[in-house]
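J.: Sequence:
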Amino acid sequence: MKRLLWVNSVTTSSNSSRGLPLSRSSLLTASVTEQGGVISGDDPTHYNPSNPIRLWIIQLVIIVSMTQFLSLFLSRIRQPRVIAEVIGGVILGPTVMGKIPHFQEKIFPKDSIPLLTVTSTVGLILFLFLVALEIDTRLLKRNIRAAATVSVAGLGIPLALGAGLGAGVYNEFIKPLDKNVNYGYFLLFVAVAIGITAFPVLCRILTELKLLDTEVGLVTLSAGIGNDVVGWVLLALTVALVNASSPLTALWVLLASAGYTVVLLFPGKWAYRWLAQRSGSLEQGTPTPLMMTLTLLIVFISAFFTDIIGVHAIFGGFLAGLIIPHDNGYAISIVEKIEDLVSILFLPIYFTLSGLKTDLSLLDNGITWGYIILICAVAFLSKFLSSGIAAYANGFNWRESSAIGSLMSCKGLVELIVLNIGLQADILDPRTFSMFVVHALVLTFMTTPLVIFFYPPQFRIHHRGDGTKGGQETSAPAPKPIGDDEQRTKFVVVLDKIEAIPAAMTISQLLQPSALETASNEEKIVVATSAAPSTIKIEALRLMELTNRTSAVLRSQEAESLILNDPVVSVYRTFGQLNSLQVSASLSVVNFDEFPQAIADHVRATHSEMVIVPWPRGVTSVADSDEAGTGAIKSEARNPFDGVFHRTTTQDQTSSYVYSEHIRNVFAKSPSDTALFVDRGISGTPQAGNQQHLFLAFIGGPDDRLALSFLVQLCERPWVTATVVKIVKTDDDVKEKNSSEETSTPPTQPNLHHTVAAADTVYGQHNTQTRLASDTADNILWSRYAQPSSSPKSGGALSRIAFHTENAARPLHRIVELVKEEVAESATEAEKALIVIAGRSRRLAVESLSAEYSAMTAQLAAPVSSSVPKTLGDVGAALVSSNVNASLLVVQAGPSAAL
Numbered sequence: 014m015k016r017l018l019w020v021n022s023v024t025t026s027s028n029s030s031r032g033l034p035l036s037r038s039s040l041l042t043a044s045v046t047e048q049g050g051v052i053s054g055d056d057p058t059h060y061n062p063s064n065p066i067r068l069w070i071i072q073l074v075i076i077v078s079m080t081q082f083l084s085l086f087l088s089r090i091r092q093p094r095v096i097a098e099v100i101g102g103v104i105l106g107p108t109v110m111g112k113i114p115h116f117q118e119k120i121f122p123k124d125s126i127p128l129l130t131v132t133s134t135v136g137l138i139l140f141l142f143l144v145a146l147e148i149d150t151r152l153l154k155r156n157i158r159a160a161a162t163v164s165v166a167g168l169g170i171p172l173a174l175g176a177g178l179g180a181g182v183y184n185e186f187i188k189p190l191d192k193n194v195n196y197g198y199f200l201l202f203v204a205v206a207i208g209i210t211a212f213p214v215l216c217r218i219l220t221e222l223k224l225l226d227t228e229v230g231l232v233t234l235s236a237g238i239g240n241d242v243v244g245w246v247l248l249a250l251t252v253a254l255v256n257a258s259s260p261l262t263a264l265w266v267l268l269a270s271a272g273y274t275v276v277l278l279f280p281g282k283w284a285y286r287w288l289a290q291r292s293g294s295l296e297q298g299t300p301t302p303l304m305m306t307l308t309l310l311i312v313f314i315s316a317f318f319t320d321i322i323g324v325h326a327i328f329g330g331f332l333a334g335l336i337i338p339h340d341n342g343y344a345i346s347i348v349e350k351i352e353d354l355v356s357i358l359f360l361p362i363y364f365t366l367s368g369l370k371t372d373l374s375l376l377d378n379g380i381t382w383g384y385i386i387l388i389c390a391v392a393f394l395s396k397f398l399s400s401g402i403a404a405y406a407n408g409f410n411w412r413e414s415s416a417i418g419s420l421m422s423c424k425g426l427v428e429l430i431v432l433n434i435g436l437q438a439d440i441l442d443p444r445t446f447s448m449f450v451v452h453a454l455v456l457t458f459m460t461t462p463l464v465i466f467f468y469p470p471q472f473r474i475h476h477r478g479d480g481t482k483g484g485q486e487t488s489a490p491a492p493k494p495i496g497d498d499e500q501r502t503k504f505v506v507v508l509d510k511i512e513a514i515p516a517a518m519t520i521s522q523l524l525q526p527s528a529l530e531t532a533s534n535e536e537k538i539v540v541a542t543s544a545a546p547s548t549i550k551i552e553a554l555r556l557m558e559l560t561n562r563t564s565a566v567l568r569s570q571e572a573e574s575l576i577l578n579d580p581v582v583s584v585y586r587t588f589g590q591l592n593s594l595q596v597s598a599s600l601s602v603v604n605f606d607e608f609p610q611a612i613a614d615h616v617r618a619t620h621s622e623m624v625i626v627p628w629p630r631g632v633t634s635v636a637d638s639d640e641a642g643t644g645a646i647k648s649e650a651r652n653p654f655d656g657v658f659h660r661t662t663t664q665d666q667t668s669s670y671v672y673s674e675h676i677r678n679v680f681a682k683s684p685s686d687t688a689l690f691v692d693r694g695i696s697g698t699p700q701a702g703n704q705q706h707l708f709l710a711f712i713g714g715p716d717d718r719l720a721l722s723f724l725v726q727l728c729e730r731p732w733v734t735a736t737v738v739k740i741v742k743t744d745d746d747v748k749e750k751n752s753s754e755e756t757s758t759p760p761t762q763p764n765l766h767h768t769v770a771a772a773d774t775v776y777g778q779h780n781t782q783t784r785l786a787s788d789t790a791d792n793i794l795w796s797r798y799a800q801p802s803s804s805p806k807s808g809g810a811l812s813r814i815a816f817h818t819e820n821a822a823r824p825l826h827r828i829v830e831l832v833k834e835e836v837a838e839s840a841t842e843a844e845k846a847l848i849v850i851a852g853r854s855r856r857l858a859v860e861s862l863s864a865e866y867s868a869m870t871a872q873l874a875a876p877v878s879s880s881v882p883k884t885l886g887d888v889g890a891a892l893v894s895s896n897v898n899a900s901l902l903v904v905q906a907g908p909s910a911a912l
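Going by this note's numbering, the letters in the sequence shown line up with residues 14 to 912, in that order.
The set of hints was computed from the structure by calculation and includes no laboratory data.
Each hint can be trusted.
Below, simulated DSSO-like cross-link-like pairs (lysine-lysine); rule was C-alpha separation at most 30 Å, straight line: (1) Lys510 - Lys350; (2) Lys682 - Lys550; (3) Lys833 - Lys742; (4) Lys123 - Lys112; (5) Lys739 - Lys503; (6) Lys503 - Lys550; (7) Lys370 - Lys123; (8) Lys370 - Lys119; (9) Lys370 - Lys188; (10) Lys192 - Lys123; (11) Lys192 - Lys370; (12) Lys192 - Lys112; (13) Lys550 - Lys510; (14) Lys370 - Lys112; (15) Lys682 - Lys503; (16) Lys188 - Lys123.
Kindly generate the complete structure, drawing on both the sequences and the hints.
T.: This is the structure:
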């Protein structure tokens with residue numbers, strides 16, 4: 014406006030005939046300069062109250078980046094994310110970066126703090142809503158006696174000792190300041206700060222350490238619920254007393270809060286549940302847009318009401334979360350819709366504001382640090398001893414009691430919320446606030462290491478899905494080793510995603526019992542005269558990834574009900590019933606890096622004989638056949654290793670690296686036989702009229718022997734046929750071929766694409782004795798199956814298997830040729846699908862084929878990842894790299910397999 018008036022005055026005072034044009038050009042120039050931004054020299058860090066978005070975005074980027082950076086390192090030592098958020102706030106505050114000249118004035122000026130405060134308060138309200146959603150009151154019914162004892166002892170004694178500690182802190186730090194802080198209110202606040210347990214952090218620690226299915230985890234979780242609710246009630250009482258102008262006003266505030274709580278938790282909860290049922294949201298397990306809108310309105314209206322009656326707005330958000338039903342995963346679905354926005358954006362802002370108020374430079378004398386040590390000691394020992402002794406009195410041993418005491422001493426996020434409320438209410442000054450922040454960080458940092466120390470995995474007793482108790486983790490014996498020719502009847506099928514279902518069904522259907530009505534008369538006689546076949550049992554292990562998200566923690570808490578409603582498990586169970594397979598399911602929520610260990614633990618617990626890991630085919634790409642020269646559009650099945658070959662038809666080019674390393678870890682840690690089924694989307698679903706054809710190139714070694722015996726077992730199904738070729742490597746003209754290859758082919762090393770894949774697995778070297786023993790076992794097994802046998806045990810299966818021997822100077826090239834011939838033959842028969850079985854042969858291989866594989870990949874146009882042979886072995890890698898259109902079953906014998 015000032016600029017406009019100045020231009021008008023200039024043009025009015027001028028007698029020039031160009032006065033009006035001058036006014037227009039000046040106005041245009043003014044407007045352009047106003048919108049020029051940094052191009053016109055504007056400082057983006059300058060706070061403009063009418064347009065604060067620039068500085069707000071700068072602050073947001075700095076805060077989130079700092080939190081994520083610290084979280085990368087702290088997560089490696091199994092520390093909760095809240096540690097990174099608090100430390101990030103302290104670093105951005107006056108303690109560290111505040112010492113940089115003009116940093117505080119430029120990035121976090123005082124005028125911008127109100128906007129950050131509003132943003133963080135909105136996030137805090139939503140976070141407390143999520144915290145309440147984690148509280149499942151149904152858990153209180155489990156071990157209610159032990160949980161109630163631990164909760165009462167773990168809250169009552171720390172409250173009393175905290176009040177005594179508050180007296181010393183008040184006399185030393187608050188009283189000399191001559192601040193009008195009520196002595197009783199201060200004692201009550203310090204008691205709450207010492208006695209409260211951080212329930213959200215407790216849930217994450219229990220989930221990450223896999224304690225939710227133990228007695229320790231259940232009792233701690235139930236006690237933490239009671240402790241958390243009582244702590245929030247006491248904090249609300251403290252805030253009401255501090256904000257009230259008189260005791261009578263405080264009484265009215267408490268009565269209004271109690272009345273609102275009763276109305277919301279009973280009629281309000283019933284009404285919400287009725288609406289969720291009427292809208293179909295509860296039945297579907299996910300809220301409709303209308304129900305989601307209503308839920309968010311309830312959260313903020315509840316926060317508004319609690320704020321206007323004199324209690325902090327976050328209590329309203331907490332109460333709103335208590336009315337949400339947990340049936341059919343409804344609460345989990347609501348959490349998934351808002352958790353990322355809250356945890357990634359809003360909460361770090363809140364903790365940064367907390368860090369801006371934390372100045373560790375104020376802790377500058379021995380008395381202050383002496384009180385910090387005293388606060389830490391009282392807060393930890395009061396919780397640890399009271400909760401631990403209460404647990405020991407309820408029959409827990411000393412390790413379990415110590416773990417419960419350590420878990421109940423966890424502070425973290427809730428503690429910092431309490432401290433910030435105390436600072437806002439002028440109960441704490443900056444010095445005492447910083448002292449309690451240090452204490453919260455120390456106790457939260459101690460929790461996970463102490464639990465691991467007192468209660469290591471080998472002493473944990475887990476509950477099985479059927480309600481019984483499993484043994485200790487390391488006491489579970491390894492699966493009993495079985496011979497090469499023995500039947501495998503108990504399998505673990507890993508289901509980690511919905512895309513794995515088709516591959517799991519394809520390979521599992523080959524395990525179903527033989528149907529007599531589909532067999533020939535001679536086969537019926539063979540089956541009738543032989544012993545009854547063993548019943549096939551499948552343990553379906555459903556793996557879900559544990560992340561920092563609240564929804565992952567809720568899934569862990571509700572694992573027993575979730576396993577009944579999970580669509581992946583439900584589909585596979587139904588498939589098992591239709592194919593006469595006994596299927597039992599288990600659910601494990603762990604970090605992705607811990608998937609292989611979870612599989613190994615489940616194999617030991619169930620005494621399974623083979624692990625089957627389906628590798629889903631992913632998306633199916635449609636290629637333009639003009640490039641292929643066929644003149645039509647055709648659908649090509651996706652190669653799971655397209656990512657490592659850098660093929661452009663695959664949408665996800667990088668996920669194969671991660672999953673390949675995961676598969677290698679499964680092979681390395683599995684205590685039993687392991688099978689990886691690479692689904693190329695080629696295999697059909699064989700029925701009575703269809704035929705499934707198997708192909709095996711037998712070279713030798715324990716893995717190939719397992720492949721041969723498993724193939725014979727699969728061929729006991731009347732609709733399964735097989736071709737087995739024994740490959741014998743010859744030395745004819747080998748030197749001549751090698752010399753010609755060296756001169757005619759380019760160097761292989763540059764064409765081998767080395768990725769970020771882990772180092773190769775190191776296996777023990779075999780000597781002459783072990784090689785001879787392995788060769789003898791190969792010959793015995795081959796003679797047993799390849800030569801006619803009068804034994805009726807496998808007579809029906811062997812009649813459907815064609816055995817022959819091939820001599821080859823280049824085994825991999827010959828195997829690829831044979832498989833392509835089988836693929837061409839299967840393509841002419843519409844009802845026949847081909848699966849190639851191969852031994853991984855990374856251990857005790859008869860022949861090293863790595864040199865031939867390197868020469869083969871050198872001829873490919875695209876570079877090949879070094880992780881392919883490390884995952885599939887040389888034979889499997891050669892088939893995949895040659896783009897053979899057949900599914901692949903790669904097997905590895907267990908560690909206890911004979912040489």
